[in-house]
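Asker: Please arrange chains B and P on chain F, whose structure you already have, making use of the hints.
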Amino acid sequence: MFTSEFLPLALENVSSEAARRKTDGWRFVQLLAVADNTGTGDRDSTVDLVYSYMKDGMLENLVVKGVSVGDGADVDEVASITDKYLSAFVFENEVHDLFGVHITNIAIDFAGHFYQVPVREPMTIISPEQKVARERAAKMAAMKAAKEKAEANGAGDGAKKDAAKSEADIEAKLAALPPEKAAKIRAAMEAKAAKEKAAQGGEASNE
Amino acid sequence: MSKATIIPFGPQHPVLPEPLHLDLVVEDETVVEAIPQIGFVHRGLEKLVETRDYNQFIYVAERICGICAFGHSLGYAETVESLMGVEVPKRAEYLRVIWHELSRVHSHLLWLGLAADAFGFESLFMHCWRLRERILDIFEKTTGGRVILSVVSVGGVNRDINASQMDEIIHTLEGIEHDYHEIMQVMLNDGSVKNRTVGVGYISHESALDLCMVGPFARASNVAYDVRMFGHGGYGELSDFQPLCATEGDCYARVKVRCEEVLQSIAIIKEMAAKIPAGDIAVPVKGSPAAGAEAANVLEQPRGECYYYARGNGTKYLDRMRMRTPTSQNLAGMVSVLEGCDLADVNMIILTIDPCISCTER
Amino acid sequence: MSEFGLGRMTFGSLFKKPETLLYPLETKPAPEGLKGHIVIKVDDCILCGICERTCPCSAIKVSKPDRTWEINRFQCVQCGSCVRACPKKCLSMDPSYTSPSAQIYTDSFSIPEKEKPAKAEPNSLASETTLFAHQSPCQTAGRFPHEFIDESRRSR
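Chains as they are written, first to last, in my numbering: chain F, 223 to 429; chain B, 2 to 363; chain P, 91 to 246.
Hints in this document: simulated from the structure, not taken from any laboratory.
Bear in mind that the values here come from a model prediction, so they are computed numbers and not experimental data.
Listed below are the simulated DSSO-like cross-link pairs for lysine-lysine, each with C-alpha atoms no more than 30 Å apart in a straight line:
id, chain 1, residue 1, chain 2, residue 2
1, F, 371, F, 419
2, F, 406, F, 361
3, B, 317, F, 287
4, P, 178, B, 287
5, B, 142, P, 106
Chain F on its own, in the form it takes in the complex (with noise of 0.2 Å):
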């Protein structure tokens, strides 16, 4: 049985990390490159770079996090691996050309043509898709802070606690639905909230 690991590696480290993996005999798996959801815009403006390496069934795992990439002055500058390992300049030109990472000294350097795409660095644009599926996690995420608060200050007021709470259960339920079939219950709920409104208003003036 092979076990895999995910373990933290500095951005200035990854050379020299590779020497010492390389005089203890490891051997290079992949060098990959995950857009971490940062981007405001319509492009991710870092990544994650995952180097793995392995050795008599330890898969290791190391995630260098949020280097930053595209075309500004400040961009992170990687450190190329290929004079330990050669095997890695397919992965290095290929995070190069999809995901826009700059990496300094590859062996065998295709300087941006090692794929043919048509738009630029395909990998980080966010997709309409994963757009809505990321503001409806931001979505749950702040529903469930409100009703952790709603929780805590609602210590007096036992009903009203119970009430900010169900709505918060109910918003957070909402939150994970389709837009459509949200707006549909909201629009529901409100009928029914005027409803019940109108039925007390009602009552009192008949009083």
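Answerer: Structure of chains B and P alone, referenced to chain F:
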């Protein structure tokens, strides 16, 4: 003093059905440098994971490659299972191993046929593909598809193999084995085959380790590495598994390793079929991977070790799915083995590495 | 020596039944469980739309107001997700492939209202005729599909 000339090789070349381009720098008849280029069929399947939920992506994953279709769906399902902590029933694991080994047999037979075709041995090519056809018939009967099987699901498999079908598989495999021994005899002992393979494209044990090569390409240089030896999934139930290695490190050794692996796979299928337990073939999987959860997995495909990585984001869509295919790992080895070879041997060397470019570019 | 082994096998195949089929004249019998194409039992369908949501390639369209169930045979990849997901088990795989055609078309099935008791007419002829009604207009065998050239969904 000879002058260096650059000869383009591919992306369309009679010997390779795959779009791989090489710039061969030659002096007289000797290759001094080879620069590979891929990227002709980049399809962006990894990006597609954002718009397909984790159950639907299985059908995308197995379309990465036609030959290792089952392997990709299996590797993907295993990765998502470890991401979500799903325990797969024993019977499903056995069935997965049986189908995976069958696809290894079909892949190697396909490759042996292509190799025979490359050095002009047409009748050998036809015999290899004739046997491969029987494996595809087994697939058709047990899964309903010949190439794209769509039989793996997250949490198990979709179809069961009943006892009579299992007997039929074993019976067919015995028929294949009988004919296959003749083919293997020719592949390993025939003079016309040996002339094209012995001593060609040598790569030493040290450089195989240095270049991090995987699969039969590495095992031909005596690197005893095969993911199956870790006993992951159903492979843990095997009584014994040893990676098959050769020491020569040339094209002949690569042919030999693949030839012997076919017999090894047939033995594995027979053992698994004999001791397959009864029970469920799938567990229901509910929920979705947690936000920020990561999983990595390796799987031995016909061409070598394939690495899978997945990251969840709390919804039923994954944030990232990554497949590192064996060919992309072997490209560095391919470049270094081509240096110093004869121009006429280039096609044979590339073929014995068995590159699968559509896998590599996804 | 080894050459003779292969030679014997090759020579022997002169006297055996051929491994190949003379395709248009004879066809291979389809094994049971072959993933050919999706068929629907219209009487059992409740228009829940689960098949539409599980389909990885958006081949199925279910319309509740119109009471129709549509499938684009050329977008379907025969994965069988809808068959496994259907709560009423009204979808199944038929072991015969969709025949080629010059135009991409969608098969539409109208789902009858649920008033009549389900067991009234077992294997009703009506559903059988709707099943195969589509086949007459679209079969233009043997012609080059010129319309397909400019088809927007064609992969390039």
